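Sequences and hints are given; from them, build the entire structure.
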Amino acid sequence: MKFRRIKESISLRAVVAAGVSALLTLTILTSIATPASAYVLSGVRYDPNSINPIEYKFYSVDLLYILAFRNAEAVWDATSAPGYFSEKSLSLDPEIEVRNADFGTGFWAITEGTDTNRDRLWDGNEVRIYFNSNANEMGSLTAYQKMVVAEHELGHAYGHAENNNQGCVLMRQGWDKFTCGTMPTADDIAGVDAIY
Amino acid sequence: MKKKRIIYPVIAAMFASLLVMTVWFAIPSDEPRAITFTNVDFYVHSSVEELTAFSDTVVIGSVKGVVGHEINNGANTDEEYGASENQIQGLAMVYYEIDVTKTLKGKTEETIIVAGLDTGQSICDQVTPLLAGEEVLLFLKERTEGEAPGLKQYEHCYWIVSLDNGVFDVLDDTVQPRYAQAFVEPNADGTFTAPTYNLTEVCEKIQSVN
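The listed protein sequences derive, respectively, from chains A and B.
As numbered in our numbering, residues 1 to 196 make up the first sequence, in order.
As numbered in our numbering, residues 1001 to 1210 make up the second sequence, in order.
It is worth saying that the hints were derived from the structure and are not from the lab.
Distance ranges between label pairs, derived from CB positions:
(1) Thr116/A x Ser1062/B: 32 to 40 Å
(2) Phe178/A x Pro1129/B: 28 to 36 Å
(3) Gly139/A x Asn1210/B: 24 to 32 Å
(4) Asp93/A x Asn1210/B: 50 to 58 Å
(5) Asp1173/B x Pro53/A: 52 to 60 Å
(6) Gly1146/B x Asp93/A: 26 to 34 Å
(7) Arg120/A x Lys1152/B: 32 to 40 Å
(8) Pro1129/B x Arg120/A: 21 to 29 Å
(9) Glu1134/B x Leu24/A: 40 to 48 Å
(10) Glu1185/B x Pro53/A: 36 to 44 Å
(11) Asp1172/B x Asn117/A: 42 to 50 Å
Example chain B residues on the side facing chain A (calculated, C-beta under 10 Å, incomplete):
(12) Val1040
(13) Tyr1043
(14) Trp1159
(15) Ile1160
Far from chain A, by Cβ distances over 12 Å, these chain B residues were calculated:
(16) Ile1006
(17) Gly1120
(18) Glu1135
(19) Tyr1197
Note that the structure is a prediction, hence the values are computed from the model and not measured.
Even glycine gets a Cβ: it sits at the ideal position worked out from N, Cα and C.
Shown next as structure tokens:
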């Protein structure tokens, strides 16, 4: 009788211990697991009601960069990402102003916009994209690489930040995005879906 | 009677404080300042050797401070710039004065001017300011004729290679890269822990590339 009680007691403790252990392990695994999507958002975006289309205009841009940008636009537009881009050469108030110049050595391209009201929307629904045509920078890239950089900048215009957490995504900083196949990736597109 | 003498002033003081606080919070704050968000794409150099090969000059130096700012291609206001629609709009730039303590590649003066993106004007994750008193290892490109014609203040200056990628903080006999993600894999939570290298070994690597 006594032996049975001890046995029952042990098995109950074992069940409880196993349950606690499983729960603890699950908690730890959940906390350290890499999320399926790793896109990183900048926190500022276009007004979701004004992305069909997102109009852009070239301001004194060299032909090489015009072609790169138009191709990049076509690539994004062919995806399922919300919104689309459209060139409007006569627009007085485009959503993207595109320029290129020699800004010296230091970077390939910049996308910038302002958010004065802290409403997480680009002021005037507008961003500026600058390509640095310096011979050490974008000036040294191939036509394909220029296009990928332009795609990357359009990702920033949508509201993506840099994403160095994953190996092969369009929003990765630097050279890797030139060598790993079709861009933007599903993760880049999922990011835009999440933004809008 | 004594109690009343104490209580009334206390109550009065409390009311006064309350009044001041009410007025203080009722006054509207200053106009919100435009926050510029700047995203920069650049070549990421993932080793000291690679950074050295791309640089004209590599120095260890002490940051003396900021000696100038520029916006809109050298002008300080839109009026001064006289910006027309088709002109290139300049980027907000800052100039730092650096006292060179050791030149590891190239030739420099004892004091040099280094240009960078002005983080006081925008939020940019890939650039941190150089602060007075900091000891830094800098990978630099010399500005050549015709580069960035919009910049006016300093004809002879240096650019930092790939923003923070070209900056290492010197701490005693060690160095830490500011752009850690160029050198290490991400942690499980997506953050990056800056590695620490031995300064002497890094200097030897730099000089071996020369």
